[in-house]
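Based on the sequences and whatever the hints tell you, model everything.
2 protein chains.
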Amino acid sequence: MLPFARVSIIGLGLIGSSIARAVRAHMPTVRLIGHDADPQVRATAERLQLCDDLADTAAAAVTDADLVILCVPVGAVGAVAREIADELAAEVVVTDVGSSKAGVAQALREALPGRAIVPAHPVAGTENSGPEAGFATLFHGRWCILTPVEESTGATERVQIFWERLGAQVETMTPEHHDLVLAVTSHLPHLIAYTIVGTASDLEEVTRSEVIKYSAGGFRDFTRIAASDPTMWRDVFLANKDAVLEMLQRFSEDLTALQRAIRWGDGDALHDLFTRTRTIRRSIVEQGQDDPAPDFGRRHD
Amino acid sequence: MLPFARVSIIGLGLIGSSIARAVRAHMPTVRLIGHDADPQVRATAERLQLCDDLADTAAAAVTDADLVILCVPVGAVGAVAREIADELAAEVVVTDVGSSKAGVAQALREALPGRAIVPAHPVAGTENSGPEAGFATLFHGRWCILTPVEESTGATERVQIFWERLGAQVETMTPEHHDLVLAVTSHLPHLIAYTIVGTASDLEEVTRSEVIKYSAGGFRDFTRIAASDPTMWRDVFLANKDAVLEMLQRFSEDLTALQRAIRWGDGDALHDLFTRTRTIRRSIVEQGQDDPAPDFGRRHD
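Those protein sequences? They're chains A and B, same order as listed. The first sequence lines up with residues 1 to 301 when you count with the numbering used here. The second sequence lines up with residues 1001 to 1301 when you count with the numbering used here.
Derived by calculation from the structure, the hints in this document are not laboratory data. Backbone N, C-alpha and C define an ideal beta-carbon position, used for all residues, glycine too. A hint or two may mislead.
Stated by the list, open to error - Incomplete in silico selection of chain A near chain B, CB under 7 Å: (1) 49; (2) 129; (3) 226; (4) 234; (5) 265.
Put into C-alpha cells, the structure is as follows:
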C-alpha cells in the first residue's frame, strides 16, 4: 500500500523537515534517512528526531532509499544530483521540491541519465526557514505539481500517491507551463514584495520607525513573503529568468497605466479595476486556498 | 471623565460601525447617533442596533452631538461637511477617519470655518466593507494619527483621549507628512496589490483557475488588500496624488534595478536585497503591528 518504504530527504529546511514530519504522521512505518549540508541543521534535526537516521554526506544518505527527495535551493540541485549519482539504488525514484522546474528537470536529467525522475513542486510554505520551522500539516489542502520527464516507469503515479498521503492534491503539467504559472502566482509576488520593502527602507523623508508603526495600513501584508529565504529566492529568479521577466514586463505596463490614471484623475478607470480584483479573492477562499476569516485570520484582541 | 457625551457617526461602513461597537464596549454611557446615505446600510444598522438613534439625513444626525465623526470616502468629506454645517452645535468637535489628510483638512476648513476640526486617521481595517464587517476590537493596539488644523481649542486632546479609550495609540503630525508616510505604508501597497491581481486576471497562457489553485505560492497575500472597498480607494489615490506618484516612481526605479539584476544574472544583488528585507518584518512583529504566528496565523489543519 505504501508507495515507498525508505525515503531519503536531502536538505532539512522548512520543506524538507515538514516532509519528514508529515511522513511520520501519515506513513509511520516508512524509514526516513536525512542529510543537510549544514552541520548545525543536522544537529537540530538530530535533536528534533526528524529522521530515523542522519547521514554526514548526501551520498551516504541515499544508498538504501527507494525515494530520494532533494529539498535544496534550485541552484544546488544539479551539484547534489551529481554527488549522489553513483550511490543510488537501481530502482530508486528521484524527486525534488523546487519552485522552478524546467531548469531543475534538465539538471536532473543530465546528472542522472536513465533514472526515474519526477520533478515536483509542493505549492506551500511560510516565511520561516530551517528545520524548526517545519510542521506536519504544511501540505494539507495545498497543491503539489509534478512535471515528469519520463513517462513509462510508473514513478509518477507513486510520487503522486506519496504527496496525496501527505495531504496534498496533485496536478501534472510540463515544466515550461509550471514555470509560467508560478512566475505569476509566486515569483512575481515575491519580487514585488522584496522591492517595496526595499523601497520603504530607503526613504529619506519617512523614517523606518514610521514605516513599522503604520504598517497595518497594508504594508505589513508584503513583509511576510519579503522575509522568505534569500538563497532559495535568488536561485528561483535566476532559474526562471525568462518567465519572470515576461510577467514583470506585463506588471510594469499595467502599473504604468494605473499611474497615468492617477496623474490624470481618471477615477472611473481606478474604480473599474478595483471592482474587478475583488472577485478573485472570493474564489481563492471558496476553493480553500486561503483562510476565510478577515485579515487572514489575524487575531484582534 | 468621558471626552465626549453625544457622538454622531456619519457613514456606518467597516470603520464607522467599528467605532460604534467600540464606543459601546468602552464608553457605554455615550449616546450614539448614526447616519448613512445608503438606506440599506441604515436598515442593517437598525437591525444590529449599532446606535441609540439613526437619522435619515446627515444634518439631522449632528444637531445634538459634541463629537461628529465623518466616516465617508475622502472624496465625499467636503460635501457632507457642507451638508451638516448649519446644524452643528456651538461647541462641537468635527473629526474624520480618512486615509489621506491634506485634502480632507482643507475641505473641512473651507466647509466649516471657525469650527474645532481634528482630522484623524485610524490605521486599521480589514478587506471587508459595510456595517456587518465591523468589530469592537478593530483599533486595539493600532495607531490613530491626528493632523489638527487648529491648536488652541483643546479639541485635539479630547479626540486623542477618545481614540485611546477605543484601544488605539495616538500620534500627531502635519497632514502633509501623514500623506507621505501613508503613501508608502498603505497607498502604494494597495496600488501594487490591485495591479498584480489585475495582471494575473488578464493572462492568456495562464488560466484564472490556475492562478487561484496555485495562489498559496505568494499571490494570495496580495488578494486580501486588493479586495478592499473600490470607492474608498479610488478617492484615496485621487486625493493623495502627489505623494502616491512620488512613491510609485521610487518603487518603479527599484523594480527596474531588480529586473536588470535578474536579466544579467547578478545573484549577489538579489541576495543582498532579500537579506535586508527580512529584518523589517521582525520589527513589525516585535512592535505588535502584526501577528507573530507564521503565515499571519492562518490555520493549517
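Violated hints, by number in ascending order, as checked against the structure = 1, 2
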